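Residue numbers (this note's numbering), protein chains in the order written: chain A, 909 to 1150; chain B, 37 to 333; chain C, 1178 to 1301.
Some clues are possibly wrong.
Unchecked claim - SDA-like mimics (lysine to any residue), calculated; alpha carbons at most 25 Å apart, straight line: (1) 66(B) <-> 1270(C); (2) 1270(C) <-> 260(B); (3) 918(A) <-> 133(B); (4) 101(B) <-> 1143(A); (5) 1256(C) <-> 1272(C); (6) 273(B) <-> 262(B); (7) 308(B) <-> 1190(C); (8) 1280(C) <-> 304(B); (9) 1230(C) <-> 1252(C); (10) 101(B) <-> 919(A); (11) 66(B) <-> 1243(C); (12) 923(A) <-> 140(B); (13) 1144(A) <-> 304(B); (14) 1280(C) <-> 265(B); (15) 209(B) <-> 1279(C); (16) 90(B) <-> 1136(A); (17) 930(A) <-> 133(B); (18) 1270(C) <-> 295(B); (19) 923(A) <-> 130(B); (20) 90(B) <-> 914(A); (21) 209(B) <-> 157(B); (22) 1089(A) <-> 49(B); (23) 922(A) <-> 129(B); (24) 926(A) <-> 100(B); (25) 90(B) <-> 916(A); (26) 923(A) <-> 106(B); (27) 926(A) <-> 141(B); (28) 209(B) <-> 1229(C); (29) 918(A) <-> 300(B); (30) 1270(C) <-> 49(B); (31) 1144(A) <-> 46(B); (32) 308(B) <-> 292(B); (33) 1280(C) <-> 300(B); (34) 1144(A) <-> 41(B); (35) 923(A) <-> 66(B); (36) 308(B) <-> 1279(C); (37) 1230(C) <-> 245(B); (38) 101(B) <-> 1147(A); (39) 926(A) <-> 127(B).
For the record, the hints were derived by calculation from the structure and aren't laboratory data. If you're wondering where the values come from, they're calculated on a predicted model, not measured in any experiment.
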Amino acid sequence: MHSLTNLSLKTIVKKQVKWKIKLYISSLSSLIILQSIFGFLFFSSGSGSSGYGQQNLDLNFTIYSLDMHLFLSVFWAFISAIIFTTRAYRMDDLSVISSRTSSTIANTVIIMIYSLIAVFIMASTFYLQLLAISFLKNEPFIIDNLIFSPTLFMMCFSIICLFGAIGLLFGNCFKGPVFIKSLTSFFVMFAVFILIISPDSINLKGLIMLPNFMMSVCYLSVAAISFSLAIWIANKSEVSRT
Amino acid sequence: MNIIKCEELAKNYANHNALHNLTCAIESEKIIGIIGRNGAGKSTFLNILAGYIKPTSGSCSVFNKNPFNNIFTAANTILIDDRLSFSDYLTLEEILTMGADFYPNWQGELAYRLLDYVGLPLTSKHQQLSKGQMATFNLIYGLVSRCALTILDEPMNGMDEAIRTDFYRAILKEYIAFPRTFLIASHHLAEMESILEEILLIDDGSVLAHAPVEDFKQQLIVLNGPSDVLATLLADKVIYAQKDMAGMTLAVVEASSLVISEDLLRTNGITKSPLTSSDVCMYLTRKKGRDIDAFFD
Amino acid sequence: MYVNLDSATPIYIQIAEWLQHEIVADRLQTDEKVYSQYQLAELFNINPATAGKGLTILFEEQLLYKKRGLGMFVTIDAKERILTKRRNETLTKMAQEIVIEAKRLLVSDEELLILIRQTQEGLK
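Next up, chain A with everything else stripped away, as it sits in the complex:
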C-alpha cells in the first residue's frame, strides 16, 4: 500500500492562505471603491462643520477627520468577514485539502492581513482627499489626526480586525451545531432587548472613538476571543451545503 500523505494543519493553513489571499482580493478593491466614493461625497462637507458668529465676525469651518473613513472600513471588515463564511466561499474550500478548522484559521489570517492593508488604503484615501481639498478649496478647515501615529495606526488596525473577527464569528455561528445557533440567537435577542429597554446603556460610538493604546489592546483581545470562538465553532461544524 502506498504510504499515506501526512500534512500538518500548519502546512494546509499556509497553502489555504496563499490561495485565499489571491482569490478574495475583490473584497479589497471593493474597499478602495467604497472609500473613494465616500471621500468624494464628503469632499465638500467634511465629517462635521461648525459655525460661529459674533457681531461682525463670522467664522465657518469644516472639520475633516479620519472618523468617516474608519467607520467605512469597520463596516467593510464586518461585511467581508461574513461574506467569507457564505456558501460559495465554503464550497470552494472543499475542493482542496481542508477542514472547517483549517479554513477558518486561514480566514482569520486573511482577515488580519486584509485589516492591515485596509488601514493603508484608508490612510491613503484620507490623505488624497486632504490633498485635493487643500488645492481646490479656499475655505478654512480643521484636520483631525493629520499625523498617522503608530498608536493611531494600531487603533485603526485593531478596530477593523475586531469587526472582521465579529463578522467571522457571526457567519460561523449560523453554520454551527444547533446549540451554538440557539445560543447566538438568544444572545442577539438579549442584546436587542437591552437596547430597547435602555438605549443609553451602550455607547458604541464613544467606545469606538477612544484612540488610545489601551483601547487597541482591548479591541485586539476581544478580536482574539472572537477568532478563537469562530475556530472552535468551525471545529464542531458540519459542512452545510445549503
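On the provided structure of chain A, position chains B and C as indicated by the hints.
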C-alpha cells in the same frame, strides 16, 4: 487491511433518518460500487466518510481515524460530486495549479492530457462549463489527485455515453497505475460493473448486501418452470418476484435457499438462469408488495 | 477487446476460457509467460481482481504454474489437459443435452444416431 470501518452508523435529520445501523468494512485498494435507490443514504454515507458531516450515533473510522473535520483523513481523501466548486476567478489551468499545490501525488501532466483529450480549453472558467463538461473536469480533478481514498458520487452525471465509456477505462487505468480505494456511487451499475471488485448495496439507510460482484449477482436466480411444480418447490421460500403465464411460472428466489440438484431441476422441466447485477439490486431493494402495475389497474 | 457482460457466464470464467483458448490455439505455448492480472484487466477492461480469479482457475487446474516474482507460466501439458477435459466434460454435457432434447422431441435412439452419422458425413 481495512481502510474504512463503520459500526452502527446513524444519521438523523429533523424530518428523516438518512442512515440507521449502517455497518461495513472496506478493504484498501479496491474499486467498490456504492449502489442504492434514490434517497437510500448513499450520499450521507459518503459525506460522513469524507468528514463533512458527523454521524448522530455509531462509529466511523477512515485510515483508523475519525474522519470528522480531520486534516489527516482530509489529506488522503477526495470527494467528487456535482457540487464541487471552484472560485470564479480561476481558469481551469489555475485550478490544476492549485490542485498540484495541495495534493502531493498530483499528476499534472495526466490532467493536461485528459483535458486535451476531452477538448476542454485550459482558459475556460469552471462555472461556464456545461453540466457534462463540469462532471468531466471534476472527475479528472479527482483522478489526478491520486488520493488513497477517492470517493466519486455520481461522477458521470450529464456526461455523454462515449465519454462515460472512456472514463470508466480511465478510472481502471489510473487504479492499475496507482492502486487506491475507489468508492463509486452510481445509478448506472450495468455500465461500470466490469471495473468493480465489490458491490455495496445500501437501502433504507443500512447495508443490504456487500459482496464481490460475481457473488452479489449470484445471490438471486430466476427459475422458470411449470407452475404446479414450482409452487410446491417454493412453498416456504422467499420469492422476490413472480410472473405466471399459461401454466408456466417465472420466479426470482435466493440462490442459497435452493438446495436442490441441477439434475432434479432439469428432470422437472425447470430452468435456472442468472440475473444481471442491476436486476439483483432492483429485486433486493423493491419494497414488498409494491408493484407499479397496481397503480394502473 | 471486450468481454460479454450480458452473458450468463461470469466474467472470470470467460477470462479462464479465453486463456484456455489461447493455449489450445498455440498462441500461448509451454513455459511461456501468460498475461498478468493487470494486463488482462487492461486488455478486457475489467477489474484486476476479476482477471486474477480467471488466472487462479487455470492455476488450480494446473494449467499454469507460478514463478516467484515473475508471474504465471504455461505448464508443459496444459494443452493436452485442456483438450482431454473438453472431451470429457464439454462433450459429455453436450451429449447429455442432445439426448434429453431428443427425448423431448420424441426422436428415437436409432434416429438420433443416424442424425449424428449424417452430420459427421456432412462436415467431412
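Going down the list of hints, with the structure as the test:
1. 66(B) <-> 1270(C): violated, 37 Å
2. 1270(C) <-> 260(B): holds, 21 Å
3. 918(A) <-> 133(B): holds, 20 Å
4. 101(B) <-> 1143(A): Given that 25 Å is the threshold and the Cα spacing comes to 16 Å, the pair holds.
5. 1256(C) <-> 1272(C): holds, 23 Å
6. 273(B) <-> 262(B): Distance of about 17 Å is within 25 Å: holds.
7. 308(B) <-> 1190(C): OK: residue 308(B) and residue 1190(C) at ~18 Å, within 25 Å.
8. 1280(C) <-> 304(B): holds, 14 Å
9. 1230(C) <-> 1252(C): holds, 18 Å
10. 101(B) <-> 919(A): Given pair residue 101(B), residue 919(A) holds - Cα atoms ~20 Å apart, limit 25 Å.
11. 66(B) <-> 1243(C): holds, 24 Å
12. 923(A) <-> 140(B): Within the cut-off at roughly 12 Å; holds.
13. 1144(A) <-> 304(B): Cα-Cα ~64 Å, so violated.
14. 1280(C) <-> 265(B): At roughly 20 Å apart (the allowed maximum being 25 Å), residue 265(B) and residue 1280(C) satisfy the hint.
15. 209(B) <-> 1279(C): It is violated: about 49 Å lies between the C-alpha atoms, which goes past 25 Å.
16. 90(B) <-> 1136(A): holds, 21 Å
17. 930(A) <-> 133(B): holds, 13 Å
18. 1270(C) <-> 295(B): holds, 22 Å
19. 923(A) <-> 130(B): Holds, because 14 Å separates the two Cα atoms, which is no more than 25 Å.
20. 90(B) <-> 914(A): Holds: residue 90(B) and residue 914(A) sit about 22 Å apart, inside 25 Å.
21. 209(B) <-> 157(B): Distance of about 23 Å is within 25 Å: holds.
22. 1089(A) <-> 49(B): Measuring from Cα to Cα gives roughly 16 Å; hence the hint holds.
23. 922(A) <-> 129(B): With a Cα-Cα distance of about 21 Å, the restraint between residue 922(A) and residue 129(B) holds, given a limit of 25 Å.
24. 926(A) <-> 100(B): The given pair, whose Cα atoms are some 30 Å apart, is violated under the 25 Å limit.
25. 90(B) <-> 916(A): Holds, because 22 Å separates the two Cα atoms, which is no more than 25 Å.
26. 923(A) <-> 106(B): Given that 25 Å is the threshold and the Cα spacing comes to 17 Å, the pair holds.
27. 926(A) <-> 141(B): Distance ~20 Å between residue 926(A) and residue 141(B) Cα, so the pair holds.
28. 209(B) <-> 1229(C): Holds, at roughly 16 Å.
29. 918(A) <-> 300(B): violated, 69 Å
30. 1270(C) <-> 49(B): Roughly 58 Å between the alpha carbons, so the hint for residue 1270(C) and residue 49(B) is violated.
31. 1144(A) <-> 46(B): holds, 18 Å
32. 308(B) <-> 292(B): Given that 25 Å is the threshold and the Cα spacing comes to 13 Å, the pair holds.
33. 1280(C) <-> 300(B): holds, 16 Å
34. 1144(A) <-> 41(B): Satisfied, since the Cα-Cα distance of roughly 22 Å is no more than 25 Å.
35. 923(A) <-> 66(B): violated, 31 Å
36. 308(B) <-> 1279(C): Holds, because 20 Å separates the two Cα atoms, which is no more than 25 Å.
37. 1230(C) <-> 245(B): holds, 21 Å
38. 101(B) <-> 1147(A): Given that 25 Å is the threshold and the Cα spacing comes to 19 Å, the pair holds.
39. 926(A) <-> 127(B): Given pair residue 926(A), residue 127(B) holds - Cα atoms ~17 Å apart, limit 25 Å.
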